[in-house]
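Undergrad: Here's the letter readout for the chains.
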Amino acid sequence: MSGYLFLIPLLPLLGFVLNFVVGTRLAKPKPFATAVAWSTVALSLVLSVFAVIEAAGAPDHQIGQVLFSWIPGGMAETVAGPRPFAIDWALRVDPLSSVMLMVVCGVGFLIHVYAAGYMAHDPGYARFFSYLNLFMFAMLTLVMGANFLVLFVGWEGVGLCSYLLIGFWYHKQSASDAGKKAFIVNRVGDAFFLLGMFTLFVNFGSLDFATVTAALSGGHAEAGWNGPLTFAALMLFLGACGKSAQVPLYVWLPDAMEGPTPVSALIHAATMVTAGVYMVARSSALYVLAPNALLVVALVGAFTALFAASIGLVQTDIKRVLAYSTVSQLGYMFLACGVGAFSAGVFHLGTHAFFKALLFLCAGSVIHAMSGEQELPKMGGLRKKLPWTHATMLIGCIAIAGIPPLAGFFSKDEILWSAFRHGGYGQLVWATGLLTAGMTAFYMFRLYHLTFSGRFRGTHEQEHHLHESPKVMTIPLALLAVGAVFAGLLGIPAALGGSNWIEHFLHPAIATLGGHGAAAAGEAGHGTELMLMGVSVAVAALGIGLAWVLYAADLSKAEGLAKSFAGVHRVLLHKYYVDELYGAVFVRGLVLGGGRALFSSDRMVFDGGGGEVKAGLGVNGLAWFTRDVISKLSNLWDRYVVDGAVNFTGFVFDNGSYYLRHLQNGFVQHYILYSAMGVLLLVGLTRLVTY
Amino acid sequence: MGASNYLLSLLLLLPLVGAIVIALSPRANVGLQKTLGMAFSLAAFAVSLLLVSGFQPIAEMQFVERYEWIPAYGISFHLGIDGISLWLVILTTFLTPIALLGSWSSIADRVKEFNVFMLLLEVGMLGVFFALDLFVFYIFWEAMLIPMYFLIGIWGHGRRIYAAVKFFLYTMAGSVLMLVAFLVLYKETGAVGFGLAELLQRPVEPGLQFWLFLAFALAFAIKVPMFPFHTWLPDAHVEAPTAGSVILAGVLLKMGGYGFLRLAMPLFPQAAMEMAPWIALLAVIGIVYGALVSLVQPDMKKLVAYSSVSHLGFVMLGVAAFSTTSVTGAVYQMLNHGISTGALFLMVGMLYDRRHTRDIAEFGGLKTVMPWFSALFLMVGLSSIAVPGFNGFVGEFLILVGSWRAFPGYVIVASLGVILAAAYMLWMIQRVLYGEVTNPKNEKLADLTPRELVVLLPLLFLAVYMGIFSPQFTRTIEPSVAALVRDVRAAGAPVHNAAALPAPAPAR
Chain W
1 MSGYLFLIPL
11 LPLLGFVLNF
21 VVGTRLAKPK
31 PFATAVAWST
41 VALSLVLSVF
51 AVIEAAGAPD
61 HQIGQVLFSW
71 IPGGMAETVA
81 GPRPFAIDWA
91 LRVDPLSSVM
101 LMVVCGVGFL
111 IHVYAAGYMA
121 HDPGYARFFS
131 YLNLFMFAML
141 TLVMGANFLV
151 LFVGWEGVGL
161 CSYLLIGFWY
171 HKQSASDAGK
181 KAFIVNRVGD
191 AFFLLGMFTL
201 FVNFGSLDFA
211 TVTAALSGGH
221 AEAGWNGPLT
231 FAALMLFLGA
241 CGKSAQVPLY
251 VWLPDAMEGP
261 TPVSALIHAA
271 TMVTAGVYMV
281 ARSSALYVLA
291 PNALLVVALV
301 GAFTALFAAS
311 IGLVQTDIKR
321 VLAYSTVSQL
331 GYMFLACGVG
341 AFSAGVFHLG
351 THAFFKALLF
361 LCAGSVIHAM
371 SGEQELPKMG
381 GLRKKLPWTH
391 ATMLIGCIAI
401 AGIPPLAGFF
411 SKDEILWSAF
421 RHGGYGQLVW
431 ATGLLTAGMT
441 AFYMFRLYHL
451 TFSGRFRGTH
461 EQEHHLHESP
471 KVMTIPLALL
481 AVGAVFAGLL
491 GIPAALGGSN
501 WIEHFLHPAI
511 ATLGGHGAAA
521 AGEAGHGTEL
531 MLMGVSVAVA
541 ALGIGLAWVL
551 YAADLSKAEG
561 LAKSFAGVHR
571 VLLHKYYVDE
581 LYGAVFVRGL
591 VLGGGRALFS
601 SDRMVFDGGG
611 GEVKAGLGVN
621 GLAWFTRDVI
631 SKLSNLWDRY
641 VVDGAVNFTG
651 FVFDNGSYYL
661 RHLQNGFVQH
671 YILYSAMGVL
681 LLVGLTRLVT
691 Y
Chain R
1 MGASNYLLSL
11 LLLLPLVGAI
21 VIALSPRANV
31 GLQKTLGMAF
41 SLAAFAVSLL
51 LVSGFQPIAE
61 MQFVERYEWI
71 PAYGISFHLG
81 IDGISLWLVI
91 LTTFLTPIAL
101 LGSWSSIADR
111 VKEFNVFMLL
121 LEVGMLGVFF
131 ALDLFVFYIF
141 WEAMLIPMYF
151 LIGIWGHGRR
161 IYAAVKFFLY
171 TMAGSVLMLV
181 AFLVLYKETG
191 AVGFGLAELL
201 QRPVEPGLQF
211 WLFLAFALAF
221 AIKVPMFPFH
231 TWLPDAHVEA
241 PTAGSVILAG
251 VLLKMGGYGF
261 LRLAMPLFPQ
271 AAMEMAPWIA
281 LLAVIGIVYG
291 ALVSLVQPDM
301 KKLVAYSSVS
311 HLGFVMLGVA
321 AFSTTSVTGA
331 VYQMLNHGIS
341 TGALFLMVGM
351 LYDRRHTRDI
361 AEFGGLKTVM
371 PWFSALFLMV
381 GLSSIAVPGF
391 NGFVGEFLIL
401 VGSWRAFPGY
411 VIVASLGVIL
421 AAAYMLWMIQ
431 RVLYGEVTNP
441 KNEKLADLTP
451 RELVVLLPLL
461 FLAVYMGIFS
471 PQFTRTIEPS
481 VAALVRDVRA
491 AGAPVHNAAA
501 LPAPAPAR
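Residue numbers (the numbering used here), protein chains in the order written: chain W, 1 to 691; chain R, 1 to 508.
Hint data in this document are derived by calculation from the structure and do not stem from the laboratory.
Some hints here could point you the wrong way.
Using 20 Å as the maximum straight-line C-alpha spacing, the simulated SDA-like pairs for lysine to any residue come out as follows [said to hold, decoys possible]:
#  : chain 1 : residue 1 : chain 2 : residue 2
1  : W       : 563       : W       : 310
2  : W       : 575       : W       : 247
3  : W       : 575       : W       : 306
4  : W       : 385       : W       : 404
5  : W       : 172       : R       : 105
6  : W       : 172       : R       : 378
7  : W       : 563       : W       : 377
8  : W       : 172       : R       : 162
9  : W       : 172       : R       : 214
10 : W       : 384       : W       : 460
11 : W       : 172       : R       : 439
12 : R       : 187       : R       : 162
13 : W       : 172       : R       : 442
14 : W       : 28        : R       : 368
15 : W       : 172       : R       : 360
16 : W       : 385       : W       : 310
17 : W       : 30        : W       : 123
18 : W       : 385       : W       : 374
19 : W       : 378       : W       : 555
20 : W       : 172       : R       : 430
21 : R       : 444       : R       : 356
22 : W       : 557       : W       : 306
23 : R       : 187       : R       : 214
24 : W       : 384       : W       : 466
This is chain R alone, in the form it adopts within the complex (with noise of 0.2 Å):
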């Protein structure tokens, strides 16, 4: 084993050193902090590879480090991946270098604060992949928020101060029931302490689950986001900047799915399967919805932003169904949403830093004077609303029929998704690029710059070649959600006493 017994700290390790170097840099020296931020964002990547190549295709937790933290509380530092964390954990490496590169030259202000808090938020975001402790879990899901908020409160837009505290304060709420929750868990357990399988052999009695669940649901739910409460989405990313979009859509949204499948489903699985059928309905209402409300957006990020809840929609709806083809759908789909969504923000960005504005209405005729942004453009929309070849069709047709034992009326219903997914992009699409350039400051718009080709060509290869050699993805995710989806449904067997609340019938 040797090094890789301390690859994860290693990973950790990286982007925290660079936010260090780039805080004790001189702050003139606003092309030294942009190299450092890149270059350590690029090291940890490589260093994250080397979790791939090494990697099981079992279902057991690999990489595992542990260390003594607060033994009084029976808490430890404790690391490890399987098949559902190892691709999320390369998808955060892999986005930021993007999003930082994405951001170039269009972040000029406070230059070095921007990578520190990018750094930091990476750092946040791997520990919560890595988590096997719950307490550490919440202290990464609560560091991961304070970067955020800065990068949105700081370079985000006109509004950025309503959009970063409303951020903050929804995904707090979320968090707050949650650690309300591990306590009450802790406690309930013999107060033994807050290590994961630990936790998940002292199964706590069902109708104490169904509340714990519905604790941890709610958290999840926020930042997934799930239909009611997705409403700090649009605007937290029509301010963000760029990266921030970038990271946020990318990585952030994944924390709820992963949270559900990590955490809430395993360790309360009877309270889980009984309110499946509900989190399924809340799924395939969000994909409806997000897919309507995004048709009428007249400003392009919004609109992506609504589509990401329509996409999640069908993330957690694969959740929800919990079949083996579902869930590895599911895990499936964050990454393509990841790199579809994270490729048309970055676009939508490459937009805005020449015209300075989203406003769909401005632009019109773009593919006369931008064809290869026009060509990059169709492509990644094309990516995003899952057609044959690209990696999201994958992602969608595994939730879908993987779900369609378990909820076939629901099935029906999402695949309205599918067909106003068209509707909302290629109506954007025809609105930005085709027709006469009509507006006269786009008449000499420049097209991709060769940094922009190399911020986008990554993500369009890996989203065809996702598309096209899918077992080399699923190959490792699979056994990790077998086993889980095995676990959980032995555990989750109906019991008679449980808090029982009516199920939803499906609609066929």
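Just chain W, with the same shape it has in the complex (with noise of 0.2 Å):
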């Protein structure tokens, strides 16, 4: 019955072999593109429909299909002695991964038809299609591969579709500079990422989920640093550094607002930069196993939330503010695996997916009617020439800022209570991401504010051009609000009398904590956790409070702010340096200082004489010692002590090779010279130690 799955990545494949050959190269790629884009995605939503369905109502609630064996390697060794190395290319749909093939699929499906607009005076429109249906077919293997390998193709097939098409305007040097930074800050983390899958392996002797999983299940918890679990767990956790953007290797991910908006919104907010929060949460056996490694997780999950944030309180680029906020609220969901609330990170995942992809392509149909204009500062009064802009962008503000009863509130809400209910370092990360929900109120309302209240600031010309965007835009505009307000539904906490269906759901393909999750918190909780919502909402008021009062008439208060708070407003807006920092440190530093300093190692030290044959150490010393010490010497050995028989085979030789005279080079005839005592040498030595 699910002998189907294998289609559902491979027809947005199709779509990219039929667009890049085919499509390219049509005079006017549109019609063609756009059909073949638009078709193969929806096909892939429907039988991603289907197939979440069937899994649904499978007994084990997961179906597979292995599609064929991709790399056996014979025995291999592992801790438990050999076991046969096979990887299976094998998919699988399991409840986390109906989360994910509905996120996809939905808002991928929405950002295609949206993107058909906004692309359409591109002259690279088939193109940009055809790298897009790419990124769905890496996008749909990874989170439907069966184990860790497949997951890994996907994994770095997103990373180079993200390359193409970050820098997909190549003309553009920060364009083609912002995919290349993207594809090797996201190496480093792969890189890790494969150490992690080696310790498994070597460990459980199968990279398959299903297989690590069961071996894991009812095991110990491992103590200290150095256990095999903990290691492959930070590994791991690495590797989803890089692709979701967490502190260190996040500064990839507001550089890669070069790539057309559409981009921004479907890898960048909704989609791939949540794989590593999928990653976690598909490892959460591991995870739950090494509390070391969910400590890091926690604790670099709250302090990108926070680190991001208050950098994204000044930025001034309209898609740099969401750039930070999506770092930002990924760290929020690695804060809820750090403290075991993996459903509930999930969760932040799917109403993050509607809302931020929301605010992306709000921003585009922003853009878009501006002419191209990012700038914030040069925005201003857009509510009544772009209503419908301004409706949904409001509702994705909203949803983002936490107020009840959109999308984000339930989801943040789940997080924050999880981690405050974790007790130990739950607490420290409790309070770091309430402060960060009043950050993430502010940015948002500042950002909306700076869009839509006051008056226009742009030049005369943009806004002479002012209109709102075309129905293929706005009708995926309206589509997506709607998911921003309900789809935190999903997910309503007992204390509010729901019965959190997401959870309940994903249980079959999640571990837990012990002693942990729905149970623990008993009525008693209810109190202290309806407390702590307010808390939180009251937190998200008081910044869009602020936002309002000082953004939504004149910007002179916030000017104001800015000249008092001089130093710290420039290091916000220099990004504390990190860029500089790293820029200096490992690209011109280890990298680019190490190569030169190494290759002329290689001219000075094992070459010697800088890569010419003169009187020193090294190979050319040796050359020249050869051909100007010793030729001599053996020039006189020709002449005077080598017989008649060894001249003679060297002049056979000098002058039947025709080539040796046109060469001029006296090397040759060295050489002809050895091979001759070669043979004398062997046919002498070979006389000697056989009598």
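Combine the two chains into a complex, taking the hints into account.
TA: Listed below in structure tokens is the structure:
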């Protein structure tokens, strides 16, 4: 029954091939490229719905399909002795991948629709959609892979598509720089991911999720830092830090905004960047047995959430604000995983996909209307001109700020509550999360007011061109807004009389910390939970209010504030100078500096003489010695010592070799001599040893 | 059996006869020489495919032929292939016509000699992979050097003489030591002969093993090339014509790793096991060193040449770790490197044919003027840096996962190479393909010609096919590797009176 699963990723791959090979060669590619791109993703969406329903009805909540044996490698050595090394290209749909499938295909399809409007006048239309379809293939492989290695194919695949799409406008230096940076920083994470996989394989003899999870379940939590489980968990998490833009590997995501806005919405907000969260949730059985790794996940997540939010407070580029917001929200998801609330993290992943994709697409609509302008200080007063964009963006802002009953409220609250009741470091990360929530509300409404309130601050020409986007763009906005309003209803907590459906749905696919979970929070907890909800809503309201005061009417108060805290403002505006630091230490220092130093060691030490044959050490020194010293000696030897036989051999070769004279190179003669001597040596020695 | 009894001889004879025929052809008829070269190399490729179809996935030597040669010294012309050599043979017969077609129009001078040398080179390479007798091995090993020396020296670029001589001296230095080791081995094992199978049954005492292994290892390490014996490679590649680079990177560099697996490790198992950590250390140094130096090269060919040092470091790490998985990966990675680096050299050569420069700074914005070249160049680059879905990933993964038990610390360092590979490759691609066309000389560059597409598409197809359907290849590689690993491990169990060197402690 599940034999159709392979079609879900394969269809977009076909779309890629068609659009890349055929579409890009057409004179008017638009109808063809659109039809191919939309229909393949729509079909994948339909099939995904089938798959999700079928999996939900299956007795073990999952369906799968093994396509072929991919990498067999004989018997491999593991801790438990030799095991067959065999990795299949296998797909599986279980509750966790179901959630991802719905997000990827659902949001992905809407963004494909929107992009047809946004990219309508771009000369690279077919190329754009071919890459976008390739991305869908990679992302679907990532979420459907039944083992770590197939996941990794998707994992690097989405990184590659991200590279292609960020650098889509390859004429621009900044775009190709950003694409390259994204790929390389992701590769740093990927290298750690590989190390994590090696550890898992050597310890469990398999990379299949089900096999590894089964081997782990019922195991004892590993104390300390040196055990294989903690090591594997930390390495995988570092991989996730690359893909999901966490400290210290977050630096590529803000630059990724060089890509076309639909790409930012699809890849750098809703889907690809959440892959790290998905992978950590997928490995939850591992993480619950590695408490120290969980601690790291929680702290990194919380720190990233706060750190990125603080940068987002002052950025002036509309997409960069959203990019830092994404980094911050991803930190929230990891924070959830770090306190063992994996399903809360995945829940937030889902709601975030809706409202952040919505916000990006709204920003795209604004940029579209502003003739490409992305600077917030040049906008203002767009409410009347862009009614649909305004309304939907306001919904997005409310949702992300965590105001009930919109989606963000439920998922964010679930995370904060999980952190609070986790105890220990949980309360620290809860406090960080709460502070971040306030900052989130502030910078989102700062963005909202700078865009839509007050008066227009752009040029005359821009004002003249202001227009609402076409339906092909606004309809996806409206649909995403519906999701941003209602997606939270999937996880209404018990304290509010709900059943937290999403947590129950995910339960078969996700491990929980012992003595934790829904059961631990009894009736007594509900009071606390409600009180905390009140606190977080109040903090969000405070942030919104502050933004209203500073940015709604005129900007003088905000400018005054920036002046009185000029130092802090500058540090935030320059993103704590982290890019500059990385550039100096890693790029120019260790890598380029190291490369130059080693290259000169090749020339000066190993070769010697800076690449010239002259007296000295190294290969060139030896060559000089051979040429200028030995050859003189051997010349004498030639002339006076070697008998006629050898001379005759040399003579034959010398005259017989046509090329020799053309080359006019003394060395070849020497070679002949060496060869002749070699033969003599051979014969002589063998005589010697035989008799 | 019938004809398959003579397949290996036939494969040696075809290019040899081709070389003689071309040598006798009229000098003026350049077209005939090219056609003959192509025809004979294609015929050899076709015949080599019979090996694949007739090959059984078992560990034993197959298609074995044996003729008495110099009975007084126990030397026989003994040929055969197993899973380790099978695909290297195919790689050789596959890359030779590709390299010839790739140079179809860029070699205009002394076409006759060029084709003769290319075919003689093919004979030499195939002989090395076929040889089951040390004497025969040595003859072919040396015979291979000469045509390559002339290819670099005659059709090379500016500093070709320097490069050719450097190539020659380096490799000669190794071979001379190897020859001495052969003779000592011959004496020590009772002077019964040079047959590999016979020698394997007469293990040398551990103290001597150490020295003999060292001599073999040096010869092969130079050929690989392993750090710190690598400095001949960038010069040889930069000066060599495209076809020379393709064969040099594609096949000649594999001789080193092959030599370790076929001769050095099985003949001297105790020494090999003892020295393995040192080999692994040099291998990982090479991985990082090659990648870092590659990053700062202004010349595309030099960049690719240094990247080979890094890639071959992975191969040698797999060889040193000596698990079935890692060695299978190493053999697979040798094939992958031949395909992706061969393609890279061909594409750099195509740019050189158009612009007569390989300076990265001379290019920029080629994606606008040469879209198909750019798409293929990117794909070849991705295959080279082991993006999953391409061949390189399978090889690198098998090597690293198979080495993790033996050398976790080195594997961690090696993973740096995975990162740096992305850096040097994507940076070069960015500077060559992306941005605006700033150099007016690039504005009118022609995209790939049909001939160039015919050269590249088979390579690209294999890069993807081998990335997805690896069992088609590993199925035949693995049994031989498993047997080799089992035998060497069994014979190489630590012996206390072995010439002991303190092994470097793995980092973890």
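Undergrad: All the hints need checking, so say for each whether the structure fits it.
TA: Evaluated hints:
1. Note on residue 563/W and residue 310/W: the hinted pairing holds, with a Cα-Cα distance of about 17 Å set against a maximum of 20 Å.
2. Only pairs whose Cα atoms come within 20 Å are accepted, and residue 575/W paired with residue 247/W is accepted, the gap being roughly 13 Å.
3. The suggested pairing of residue 575/W with residue 306/W holds, with an alpha-carbon distance near 13 Å, which does not exceed 20 Å.
4. Under the criterion of a C-alpha separation no larger than 20 Å, the hint pairing residue 385/W with residue 404/W is inconsistent with the structure, at around 28 Å.
5. Restraint check for residue 172/W and residue 105/R: the C-alpha separation of about 35 Å exceeds 20 Å, so the hint is violated.
6. A hinted pair counts as satisfied when its Cα atoms are at most 20 Å apart, and residue 172/W with residue 378/R qualifies at roughly 18 Å.
7. Proposed proximity of residue 563/W and residue 377/W is supported: the alpha carbons are some 16 Å apart, at most 20 Å.
8. Between residue 172/W and residue 162/R the alpha-carbon distance is near 41 Å, which puts this suggested pair outside the 20 Å criterion.
9. Proposed proximity of residue 172/W and residue 214/R is contradicted: the alpha carbons are some 53 Å apart, above 20 Å.
10. For the hint pairing residue 384/W with residue 460/W, the CA-to-CA distance comes to about 17 Å; that is within 20 Å, so the pair holds.
11. Only pairs whose Cα atoms come within 20 Å are accepted, and residue 172/W paired with residue 439/R is accepted, the gap being roughly 16 Å.
12. For the hint linking residue 187/R to residue 162/R, the alpha-carbon distance of about 38 Å lies beyond 20 Å, and the restraint is violated.
13. With a C-alpha separation of about 18 Å, the suggested pair residue 172/W and residue 442/R falls inside the 20 Å cut-off, and the hint holds.
14. Between residue 28/W and residue 368/R the CA atoms are separated by roughly 18 Å; this keeps the pair inside 20 Å, and the hint holds.
15. About 18 Å separates the Cα atoms of residue 172/W and residue 360/R, which keeps this hinted pair within 20 Å; it holds.
16. Simply put, residue 385/W and residue 310/W have alpha-carbon atoms about 31 Å apart, too far for the 20 Å limit, and the pair is violated.
17. Our distance criterion of 20 Å between C-alpha atoms is met by residue 30/W and residue 123/W, whose separation comes to about 10 Å.
18. A hinted pair counts as satisfied when its Cα atoms are at most 20 Å apart, and residue 385/W with residue 374/W qualifies at roughly 17 Å.
19. At most 20 Å may separate the alpha-carbon atoms for a hinted pair to count; residue 378/W and residue 555/W meet this at roughly 12 Å.
20. Note on residue 172/W and residue 430/R: the hinted pairing holds, with a Cα-Cα distance of about 11 Å set against a maximum of 20 Å.
21. As the CA atoms of residue 444/R and residue 356/R are separated by approximately 14 Å, the hinted pair is consistent with the 20 Å bound.
22. Annotation: proposed proximity of residue 557/W to residue 306/W is violated, straight-line Cα distance about 24 Å (limit 20 Å).
23. Between the alpha carbons of residue 187/R and residue 214/R the distance comes to roughly 18 Å, so the proposed pair stays at or under 20 Å and holds.
24. A threshold of 20 Å between alpha carbons decides the hint, and for residue 384/W with residue 466/W the separation of about 10 Å falls inside it, so the pair holds.
Hints 4, 5, 8, 9, 12, 16 and 22 from the list above are not met by this structure, while the remaining hints are.
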